[in-house]
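2 protein chains.
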Amino acid sequence: MLIPQTSTSLIETLRLRRQQLANLINFPAILWSGSNSSRNFPANAFPFRASSHFLYFAGLPLSKAAIRLEAGKLELFIDDPSPSSALWHGEMPTREEIAQKIGADVARPMAELESWVEDVATLAVQDAATWTQQSQLLNRWVLPQSPPQGIDLELAKAIVTLRLTHDQAALTQLRKAAAVTVEAHKAGMAATPKAKLEAEVRAAMEGVIIAHNMTTSYNSIVTVHGEVLHNEEYHHPLQSGDLLLSDVGAETQTGWAGDVTRTWPVSGKFSSTQRDIYNVVLAAHDACIAKIHPGIEYGDIHLLAATVIAEGLVELGILQGNPQDLVEMDAHALFFPHGIGHLLGLDVHDMEDLGDLAGYEEGRERSDRFGLSYLRLNRPLRAGMLVTIEPGFYQVPAILNDANVRSKYQNVVNWQRLSEFADVRGIRIEDDVLVTEIGSEVLTAALPNSSSAVEDLVSC
Amino acid sequence: MLIPQTSTSLIETLRLRRQQLANLINFPAILWSGSNSSRNFPANAFPFRASSHFLYFAGLPLSKAAIRLEAGKLELFIDDPSPSSALWHGEMPTREEIAQKIGADVARPMAELESWVEDVATLAVQDAATWTQQSQLLNRWVLPQSPPQGIDLELAKAIVTLRLTHDQAALTQLRKAAAVTVEAHKAGMAATPKAKLEAEVRAAMEGVIIAHNMTTSYNSIVTVHGEVLHNEEYHHPLQSGDLLLSDVGAETQTGWAGDVTRTWPVSGKFSSTQRDIYNVVLAAHDACIAKIHPGIEYGDIHLLAATVIAEGLVELGILQGNPQDLVEMDAHALFFPHGIGHLLGLDVHDMEDLGDLAGYEEGRERSDRFGLSYLRLNRPLRAGMLVTIEPGFYQVPAILNDANVRSKYQNVVNWQRLSEFADVRGIRIEDDVLVTEIGSEVLTAALPNSSSAVEDLVSC
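Protein chains in written order, with our numbering: chain A, 468 to 927; chain B, 468 to 927.
By construction, these hints were calculated from the structure, which means they are not laboratory data.
Incorrect hints may appear among the rest.
Chain copies aren't distinguished; within one or between two, either way the pair holds.
Distance condition first, Cα-Cα at most 35 Å in a straight line; then the derived DSBU-like pairs of lysine-lysine [as the list claims (entries may be wrong)]: (1) 624 - 663; (2) 663 - 531; (3) 661 - 624; (4) 736 - 661; (5) 643 - 661; (6) 643 - 540; (7) 736 - 540; (8) 624 - 758; (9) 540 - 758; (10) 736 - 758; (11) 758 - 653; (12) 643 - 758; (13) 758 - 661; (14) 758 - 875; (15) 624 - 540; (16) 653 - 540; (17) 643 - 624; (18) 653 - 736; (19) 653 - 663; (20) 531 - 624; (21) 663 - 643.
Please work from the sequences and hints to get the whole structure.
Given below as structure tokens:
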């Protein structure tokens, strides 16, 4: 385990975070870090990822640890490295050394945790060994798939309040994740002319992330079939008329995520149909970012994207009618079936382990409208929030070939005209946007997104 | 899910494997494939890895599937893709299409599995969602950390018998894994002169694996601190006097593993002390491989490595005494504290999910001798087995600075002489060796290992 350079600022950051928590709840909380999940046999594990809630208050990706937070105090529970572990894992920091790094008030072995569980709230960690331990120690089920209840729910709401907006320490990490993510995308574009398979472009992109000693914040999408929204296959050959859609993000060592999508022509040159649609998506992207400021409803940003896309498609002759009416009947969602974005932080969909508790303002629920049901964020924005803006255009066969859909929208889609855009299967343009006091700042702005700039990056 | 090109040979291979199983057991077995393990929130999962036992008999990395094997028959249980999944995951193959690919006799939805569980044996899958389901359906605990018992143990022994030696289809996959692993190591050596951090070399190596649309078969070790045996940190700077130890392997899409280690000088040139020790390790490596043939005890191969290392260290003046006596008192293990290797197949430590059932001949148990306790394989070798040969030399502080160790071995180690080799912290040379009818074949032989050839690959 690498312990980054001590900094009083880490200690101070963590102290402030738990002080803020103490202002919101008046009961103790224990947050577990989690342990490795096994891959094909117990000793062959997936890379360890600490729980995001733990990382927020403990600052370090410690394995098999827990912290107890009460009234601004930090108690660390972790075992000292075993003597035999030095052979396999080298000299590891002791409990006391770790406690000092993070400014813990007390440090105790894990076995003592059971004496400190009375009336504590917690949040479920993903790996079974840990949620089993949580459930046993607290004598109630603590399950990652079940929404928190009672004081756990109170704790969750308090943590959401804190994590919704980012402090300076978080922003420093998020900027690092954004910078490496940008570099990865540039490497992917540069690698495209010589690549024969999607996998080769993915390798160039993830290579940048690995070289910076970071990890991907989610499973990369690098595909010429952008119409498959969660495409995690990389075996397709790159053909010169294809668009390559890459949704790849870096995550720093303490867990902060980047999340960027670019779509570029394999040949280095958009066809005129590809460029037309690209510019529609980019117009939606730019319009949304221009509107971001404290107080605006994120749902309105989504509807703005829908409107700009509808307008663009009307202009191209693909949709017919008044753009506002088209959006009201969800015609834009034929081609843009997902939400305009989501919260970004320690998780790429930040705090999605808590369901919609973070994404949706209290009292709001998901819409059952086709064009809104996938919206992950529905709150007024506040300074310090980080969100993605990621409009797209896709020709999804499951949608466009559906008989009910075709009949419902037969008069608003010019299917003949649409067929001329067959070389545009999927386009998405996604950036990470910080809400500031005066508007917004695009953390990933160093990555160009105009069609000509993208072409230049592919060809250079 | 990508379904590789149909081949009657896949169907035929699977038919032969289950026919062989039917010759060994007279009760039905159900093998589950497993499901994704979550990372930081349920929808952000680690890449899916199917259970190796399932892969052996089903051939494809299907998620959330099970197969029932009885008397040579193959019954597939898997759900058809849901209509809504087409939006997110594209067109997926149907149950019937998958059944056809693998030559299943029958295909049924998962919900029917509960009608087919009477008197069946199984083996635990690693992810909690699946072993929970296994336990519920079979009405007994099926746990990945507990050794199989009763008919599960009989099933495990039968599967070990099959998987201990590799058929042609397995070897085709293992050769592919070996070839990409070799290429990854060459890329790592070539990237070293320009790299400033371990992470950058790791990126070059894993980039090759990703570009071939494969994954790593275990978490890579790429370190200038080879003396930390399971070092999974990559942040150290590369300095010109350092040796870089890289233990990195590729895994094919159907799960077959490569596992290779090379150690090279960051500067492209071994120091004379580094070259001396390197040649001792290489001599052990070569002597072991030369001895491999059907019938030889793998434990004897381990002792041969120990002897050659002891001889070499006596010649260099680091150890003092008769090499045989030194090995008997485990003096070699001061510098070579692990086993000479292990089985390799669908798992990098093949079938280690079954404890020592595969590694140790029935009736044998781990030695408690310091020099033998970490030996993972203790069986007579047979044609068709694939093993690693991986001798090493390490200056592990936890061993060499231990007061008891120093006192026990004070007369056999020339500590003064040893101090002259301070620039050799860790060296390992590992290849994948197939036992053949007439001796052995090194599947990773395309990767040179002489000190001068390694220097050439770093400098070129």
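To see whether the hints hold, each was checked on the structure:
1. 624 - 663: neither (48 Å within a copy, 44 Å between copies)
2. 663 - 531: Classified as between: cross-chain Cα gap 32 Å, same-chain 43 Å, threshold 35 Å.
3. 661 - 624: Result: close neither inside a copy nor across copies, 49 Å intra and 49 Å inter.
4. 736 - 661: both (15 Å within a copy, 32 Å between copies)
5. 643 - 661: both (29 Å within a copy, 23 Å between copies)
6. 643 - 540: within (29 Å within a copy, 55 Å between copies)
7. 736 - 540: neither (58 Å within a copy, 53 Å between copies)
8. 624 - 758: Cα proximity of residue 624 and residue 758: one copy only (28 Å, versus 65 Å across).
9. 540 - 758: Answer is neither: 41 Å inside a copy and 62 Å across each miss the 35 Å cutoff.
10. 736 - 758: Cα proximity of residue 736 and residue 758: one copy only (30 Å, versus 59 Å across).
11. 758 - 653: within (27 Å within a copy, 50 Å between copies)
12. 643 - 758: within (25 Å within a copy, 52 Å between copies)
13. 758 - 661: The answer is neither: 39 Å in one copy and 44 Å across copies each exceed 35 Å.
14. 758 - 875: Close inside one copy (32 Å), not across copies (74 Å); limit 35 Å.
15. 624 - 540: within (20 Å within a copy, 53 Å between copies)
16. 653 - 540: Result: close neither inside a copy nor across copies, 44 Å intra and 51 Å inter.
17. 643 - 624: within (28 Å within a copy, 51 Å between copies)
18. 653 - 736: both (16 Å within a copy, 34 Å between copies)
19. 653 - 663: Classified as both: same-chain Cα gap 18 Å, cross-chain 21 Å, threshold 35 Å.
20. 531 - 624: Both, since 25 Å and 34 Å are each at most 35 Å.
21. 663 - 643: both (31 Å within a copy, 19 Å between copies)
Violated hints, in rising order: 1, 3, 7, 9, 13 and 16; the structure is consistent with all others.
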